[in-house]
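Let the sequences and hints guide you as you build the complete structure.
In order, the protein sequence lines correspond to chains A and B.
The opening position of the first sequence corresponds to residue 9 in the numbering used here, with each subsequent residue numbered one higher.
The opening position of the second sequence corresponds to residue 79 in the numbering used here, with each subsequent residue numbered one higher.
If you're looking for bench data, these hints aren't it; they were derived computationally from the structure.
Backbone N, C-alpha and C define an ideal beta-carbon position, used for all residues, glycine too.
If a hint is listed, it holds; no wrong ones were tucked in.
Covered stretches of chain A (chain B as the covering partner; in silico rule of three or more C-beta atoms under 8 Å from a C-beta of chain B):
id, region
1, 58-64
2, 118-124
3, 200-208
4, 262-271
With a Cα cut of at most 20 Å, we get these calculated EDC-like pairs of lysine to aspartate or glutamate:
id, chain 1, residue 1, chain 2, residue 2
5, A, Lys29, B, Asp261
6, B, Lys414, A, Asp87
7, A, Lys181, B, Glu424
8, A, Lys181, B, Asp420
9, A, Lys181, B, Glu434
10, A, Lys207, A, Glu260
11, A, Lys235, A, Glu245
12, B, Lys414, A, Glu265
13, A, Lys207, B, Asp420
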Amino acid sequence: MPDIPIQEAAYNYAYLDEQTKRMIRRAILKAVAVPGYQVPFGGREMPLPYGWGTGGIQVTAAIIGRDDTLKVIDQGADDTTNAVSIRRFFARVADVATTTRTEEASVIQTRHRVPETPLKEGQILVFQVPIPEPLRMLEPRETETRTLHALSEYGVMQVSLYESIARHGRIAKTYNYPVMVNDRYIMSPSPIPKFDNPKLDRSPALQLYGAGREKRIYAVPPYTPVKSLDFDDHPFEIETWSESCALCGSRESFLDEMIVDDTGKRLFLCSDTDWCQERQGEHQGEQPQEEPAK
Amino acid sequence: MYVAVKGGETAIAHSLDLLADKRRGDRDVAEVSLDQIDQQLGLAVDRVMTEGSCYDRALAALAVKQARGDLVEAIFLLRAYRTTLPRFGASEPLDTSRMVAERRISSTFKDVPGGQVLGPTYDYTHRLLDFSLAAAAERPAAPTAPCDATSTLPRVGDILEREGMLEPAPRSMATPGAGDAQDLTRQPMVFPAARPLRLQNLARGDEGFLLALGYSTQRGYGNNHPFVGEIRFGAVPVSFVPEELGFAIEIAEIDVTECDMVNQFAGSHDVPPQFTRGYGLAFGHAERKAMAMALVDRALRAEELSEAATSPAQDEEFVLAHSDNVEASGFVQHLKLPHYVDFQSELVVVRALRAEVEARNRQATLCQAAE
Numbered sequence: 009m010p011d012i013p014i015q016e017a018a019y020n021y022a023y024l025d026e027q028t029k030r031m032i033r034r035a036i037l038k039a040v041a042v043p044g045y046q047v048p049f050g051g052r053e054m055p056l057p058y059g060w061g062t063g064g065i066q067v068t069a070a071i072i073g074r075d076d077t078l079k080v081i082d083q084g085a086d087d088t089t090n091a092v093s094i095r096r097f098f099a100r101v102a103d104v105a106t107t108t109r110t111e112e113a114s115v116i117q118t119r120h121r122v123p124e125t126p127l128k129e130g131q132i133l134v135f136q137v138p139i140p141e142p143l144r145m146l147e148p149r150e151t152e153t154r155t156l157h158a159l160s161e162y163g164v165m166q167v168s169l170y171e172s173i174a175r176h177g178r179i180a181k182t183y184n185y186p187v188m189v190n191d192r193y194i195m196s197p198s199p200i201p202k203f204d205n206p207k208l209d210r211s212p213a214l215q216l217y218g219a220g221r222e223k224r225i226y227a228v229p230p231y232t233p234v235k236s237l238d239f240d241d242h243p244f245e246i247e248t249w250s251e252s253c254a255l256c257g258s259r260e261s262f263l264d265e266m267i268v269d270d271t272g273k274r275l276f277l278c279s280d281t282d283w284c285q286e287r288q289g290e291h292q293g294e295q296p297q298e299e300p301a302k
Numbered sequence: 079m080y081v082a083v084k085g086g087e088t089a090i091a092h093s094l095d096l097l098a099d100k101r102r103g104d105r106d107v108a109e110v111s112l113d114q115i116d117q118q119l120g121l122a123v124d125r126v127m128t129e130g131s132c133y134d135r136a137l138a139a140l141a142v143k144q145a146r147g148d149l150v151e152a153i154f155l156l157r158a159y160r161t162t163l164p165r166f167g168a169s170e171p172l173d174t175s176r177m178v179a180e181r182r183i184s185s186t187f188k189d190v191p192g193g194q195v196l197g198p199t200y201d202y203t204h205r206l207l208d209f210s211l212a213a214a215a216e217r218p219a220a221p222t223a224p225c226d227a228t229s230t231l232p233r234v235g236d237i238l239e240r241e242g243m244l245e246p247a248p249r250s251m252a253t254p255g256a257g258d259a260q261d262l263t264r265q266p267m268v269f270p271a272a273r274p275l276r277l278q279n280l281a282r283g284d285e286g287f288l289l290a291l292g293y294s295t296q297r298g299y300g301n302n303h304p305f306v307g308e309i310r311f312g313a314v315p316v317s318f319v320p321e322e323l324g325f326a327i328e329i330a331e332i333d334v335t336e337c338d339m340v341n342q343f344a345g346s347h348d349v350p351p352q353f354t355r356g357y358g359l360a361f362g363h364a365e366r367k368a369m370a371m372a373l374v375d376r377a378l379r380a381e382e383l384s385e386a387a388t389s390p391a392q393d394e395e396f397v398l399a400h401s402d403n404v405e406a407s408g409f410v411q412h413l414k415l416p417h418y419v420d421f422q423s424e425l426v427v428v429r430a431l432r433a434e435v436e437a438r439n440r441q442a443t444l445c446q447a448a449e
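See the structure below:
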């Protein structure tokens, strides 16, 4: 059998070959030009599994350079397994500086959260998207959904929200809450909690969304209006907690709930670890608050 | 802090070490070599090459070793390497009538030009465990007859076609100029998909998925009354036209399995009754895959042949969007990733909804008590 030339040097800078990066950049430019429109692109197999961020990784690989500082979060945290894995991947193949601080990052790849620290001009937020099509669960066929988008025929989405109200007395959708981008396209914000939706609206940062398995890229350019769908008599609202973070005392951030003992005692913590740590530096010595078992 | 549920850098490094250790297994047992995998687990290598869509036995054997025999994982490894390779161009279409066939059978005719060649197959074995294989031993070499590698082996389908009994190969397939077909590893799938694209998708598709779909057509979900016109396995030359030469040169020889399925067709408004085709092709020796692919290919032609498409195997978007096991495996297993944030959002709203229901019930009980 022939020799196998396999070393790290067998792979290009940032893993993808330059032609592929150029193709992805063209798709990104088109996506930025038509906010909220899903641009098909020649998604490649990546060395991480589909559904684990291959779209986001391809977008990041296409835009990253040696001058960048990369932050990767999953569930808002830098220390979750997949965030660690993706950060290590880019440190290895793109020789890029990494950080956990939102402020310092030029590129932030995220799964399921938008950082609590407000983003600035020049920053790029790269979302990992499992199902880019916001209408998919209402209409499984791509041929149909593309037509619906082309015609702005979004009645089916309004009806589904109305049905939720009829059934539950409210819009019971909690994450992946559909948004209208630039008054034209309904877009999936990826499975971020609806808590994060307001942060997408007129954000100074560029938002890029990559769906690897479904081979779609879409974008929200800086300062673009992003409106969460609602009704006049049922306005959009976000989650609230009566508790505060046990570590930093935050009352304004998204809180994760943890079960800390066998009796089901609960503790609430910021999902955004960077935000929490920054605040802990400022607010030393606040008492953790524990919630009795429910 | 509750890092345990999140897992830090060190924990991941340890997990990788454990995996490498498990892969090697008991150090008292000799380490398996790539040659051994290639030679003695050759059908695993074939499947990895087919669904990894990369014909390289050495790389496929390496992937099988690295994946500890998990073939879907091995396919994934090979794909993720293949995708980084530059494309020189597209080869000329394979001419499988030039195949040096190790096996070639037809189930539509007792004898066919070129003959029925049984070759190496499990078809005629009794599936009794052969305990003599448990120990290493000298194995006798099988006798072989001389074969004429220069003669062509006509396809059974072509013979039927001359008679007008079988539809001609669909036009888009009959004259595929090199490089004409879209490459779905470079450009995303669009629906409705042309047949070359469908066949590409099926060739890369998961054997188990296609097997089940093909099987479902036999059980009445989109039945197309198939016969194995012919199945053949052997080596075919690969030709390529380098731009600087302007004519084709042979650059390689690869083993492929080809299945021509012949299917009944009642005829439509414009076409008299005749037999129709379903086509399957796989790298290496993979008859199950090639046959399943041919059944599904034919099922997906329902619309083209004005048949009612009522079953899953006839539903192009359903079949093509779910056939890829690297995509499917990744997305199913991504459920292992943390979903605390989404789940938290659900907890918040479900608690609120439950509280409302409880409050309503309490209210109702109070009203009843008051009455």
